[in-house]
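Use the sequences and the hints to build the structure in full.
Each chain is listed here by its residues.
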Amino acid sequence: MRHLLSTADLSRDEAVRVLDVAEDMADVATRQVKKLPTLRGTTVVNLFYEDSTRTRISFEAAAKRLSADVINFAAKGSSVSKGESLKDTAQTLAAMGADGIVIRHPASGAPRVLADSGWVEAGIVNAGDGTHEHPTQALLDAFTMRRRLHGAGSRGRGLDGVRVLIVGDILHSRVARSNAWLLRTLGAHVTVVAPPTLLPVDLSRFGVDVHVDLDEAVAAVDPDVVMMLRIQQERMHEAFFPNAREYARSWGLGAARFRTLPERTLVMHPGPMNRGLEISDEAADSPRSTVRDQVANGVAVRMAVLYLTLAGDREDSL
Amino acid sequence: MTTSTAHLIRSVETVDGTRTDVLVRDGVVAELGTGLSHLGARVVDADGLLVLPGLVDLHTHLREPGGEGSETVLTGSRAAAAGGYTAVNAMANSSPVADTAGVVEQVQALGERAGYVTVRPIGAVSQGLAGTHLSEIGAMARSRAAVRVFSDDGHCVSDPLLMRRALEYIKGFGGVLAQHAQEPRLTQGAQMNEGALSAELGLGGWPAVAEEAIIARDVLLADHVGARLHVCHVSTAGSVEVVRWAKSRGIAVTAEVTPHHLLLTEDLVAGYDSRYKVNPPLRRQEDVEALRAALADGTVDIVATDHAPHASEAKCCEWDAAANGMVGLESALSVVHRTMVDTGLIGWSDVARVMSTAPAAIGQVAGQGRPLAVGEPAELTLYDRGVTRTFGLEHLAGKSSNSPFLGHELPGRVQATFHRGYATVVDAAVVDSDVVARSAAEVAAHHVLGRSEGATSR
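Line order of the protein sequences matches chains U and V.
To get my numbering, take the position in the first sequence, counting from 1, and add 68.
To get my numbering, take the position in the second sequence, counting from 1, and add 33.
One or more of the hints may lead you astray.
Claimed, not checked - Example chain U residues on the side facing chain V (calculated, C-beta under 8 Å, incomplete):
id: 1; residue: 177
id: 2; residue: 180
id: 3; residue: 269
id: 4; residue: 273
Stated by the list, open to error - Beyond 12 Å from chain U on every Cβ pair, some chain V residues (computed):
id: 5; residue: 38
id: 6; residue: 102
id: 7; residue: 160
id: 8; residue: 161
id: 9; residue: 163
id: 10; residue: 202
id: 11; residue: 386
id: 12; residue: 419
id: 13; residue: 468
id: 14; residue: 470
Derived from the structure by calculation, the hints contain no laboratory data.
Computed from a predicted model, the values in this text were never measured in an experiment.
For glycine and all other residues, C-beta sits at the position ideal for the given N, C-alpha and C.
Shown next, in the form of structure tokens:
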């Protein structure tokens, strides 16, 4: 795997391979010495044009557990805020000998531009681009689902027949996009639920079913997984919906609605959560919630991605 | 001393399919017919070439003053000549904005000095293109530049009351308002055509309705106040329907389509290559088909390039940060050839109409878009329809290279261009700036010396 830019690029075999390698990496975390020498001598740059402490430290932990040298490059406080272009920043990093660049950028497609540009030789990992994709989040979500559903027998398997409901701001969510494509590739059935203002006008390329009423969607789909997305505060100011109370009542996973879910249904959230808005304490803290698993699994999945893009002969496909 | 070299264009084909020799002398078509001879004339073997009236672009960004890093009046004029143009209308979004008589006169003077094409400045509708106060429309109309086209292009005159006043006020000077139809609130954060692909790519959507709603409002306003309206770069099938409806009601509206909207679709955006970033954005195949049909049936009156040069640093970046716009003067005729003529939708006399006669009429560009007849100004383009070329950097003659057609197979090639009787393109190569400037100066001097001497000069 040369780069990881989009889950839409992954074949089923490639996706399963990432998840299987992540299983191996997760095993490392249970050892006394939680470190592998695999990427010794390799330099990974975390190039973050947006604040995201969670994603950055998850990648940092993953790289360090593989013995890579890590450089954190935050756009704030660097020359980027003085107007340096993506091209110049990338060439600077290339001159410093970066082998891998983990990029978070507010512009959709920026990782793709970097990978196609010829400005750098480094492998590029998309850590979230604009309202486009967040592929490692989707991979860790799929990994979490697979572990919960198949336990120790997860290796080699997809998510065939699993019914997933994704609820919230589909229009602006890179998590929703990456999950829609990855879960479909792995054989799952995805339904998105949102107020019409937070759905793209045309979802035909998503390969998902669409509902605007959450209760109807739960009844119609009988979901194995309900994934709640974070609602950004600015969406309220932009009048996508009237106010937080109405959103929580209609599209939040409140305590009452949580109790109507089937017993087996998992509750997921990519974090950080707005408790009381899109999710209630009862749902977030229940044993069926995978929120903390997702964080832990994130490191294993990102180790797998860094390993597959940076170790050995990268020109080979997975 | 002659004012310029006489040219004998031999055996050229006209748009109605006949063959003729054309003798160009003293800035006009001096003789037509077969077997013409003229001592001292430079002979141009045009066997197999088509003669078109020099092309007229109603929508060109020359960037000067203020944007000389991407284009100047001189370099943009060279690009125009290379594409077979003999006149361009320079959009007002320079820096300073062309909203005063001083700026439009300067642009016109720079065009005259360069000498490749007639440069007609377009005046801004509103001061600083800000959309709040009318610019000095009267002063620009009465200036030496005699501005007749007014546009805030790049920005929509979105305030309905200002739009009404502008239509009324410009009418008083016999001009036309060229509207960039884009409802600003509906296009906040817009990055590409809104649809299934924008949803997939996570790019802000530019919905067709944001263009169509403004055109609908504007044709009704133009009707109400009895003014002329020209709609810039129509890009959607729905816009075509609105313009068709307006014309059926007898409303005085004209419309243009760009070459890129006749050929390219939004699918090109999928790789986030900012060469394909343009405003209005590339649309769907259905829109391309509707625009071609509309140009063929006259609903859309003209092709205008929206030639929008940008330096490479404005394009070598992430999609959101990249500038909107494409250069188009050098490739326009070939794109029309491919999309409209090779498809059988229109013939070459129609090409002459939509790329020369009609834009000259809408823009009131004197001496342009004239029929091929003795005594008419020698504004001519010789076009070789028989070749196919892979469009490349070597075919660009302006300062910027942000063409979406690089690497495309395009038919035809401009073989020669004549402006005011002298050659600006010879053997498919742009004539040196010094030579053209000297020719332009001679013609100007000849005019200053007056017609009295005309009898003796040859």
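Hints, verified against the model:
Restraint check, residue 177 of chain U versus chain V: the minimum CB separation of about 3 Å is within 8 Å; hint holds. Hint status for residue 180 of chain U relative to chain V: holds, with the closest Cβ pair at about 5 Å, below 8 Å. Annotation: residue 269 of chain U was flagged as interfacial toward chain V, and the flag holds, the nearest CB pair being 6 Å apart, inside 8 Å. Given the 8 Å rule on beta carbons, the hint for residue 273 of chain U holds: about 4 Å separates it from the nearest Cβ of chain V.
Under the 12 Å C-beta cut-off, the non-interface status given to residue 38 of chain V relative to chain U holds; the minimum distance is some 48 Å. Every CB of chain U is more than 12 Å from the CB of residue 102 of chain V (nearest about 15 Å), matching its label as outside the interface. The non-interface label for residue 160 of chain V is consistent with chain U: the shortest C-beta to C-beta separation is roughly 29 Å, beyond 12 Å. Remark: the non-interface label on residue 161 of chain V is consistent with the geometry, its nearest Cβ contact in chain U lying 24 Å away (cut-off 12 Å).
Interface exclusion of residue 163 of chain V from chain U stands, the closest Cβ pair being 24 Å apart, more than 12 Å. Against the 12 Å criterion, residue 202 of chain V stays outside the reach of chain U, whose nearest CB is about 36 Å from its own CB. With a minimum CB-CB distance of about 37 Å to chain U, residue 386 of chain V clears the 12 Å threshold, and the non-interface call stands. The Cβ of residue 419 of chain V lies farther than 12 Å from every Cβ of chain U, with a closest approach of about 37 Å, so its non-interface assignment holds.
Here residue 468 of chain V stays apart from chain U, with its beta-carbon at least about 39 Å from theirs, past the 12 Å limit. With a least CB separation of 37 Å from chain U, residue 470 of chain V remains clear of the 12 Å interface cut-off, as annotated.
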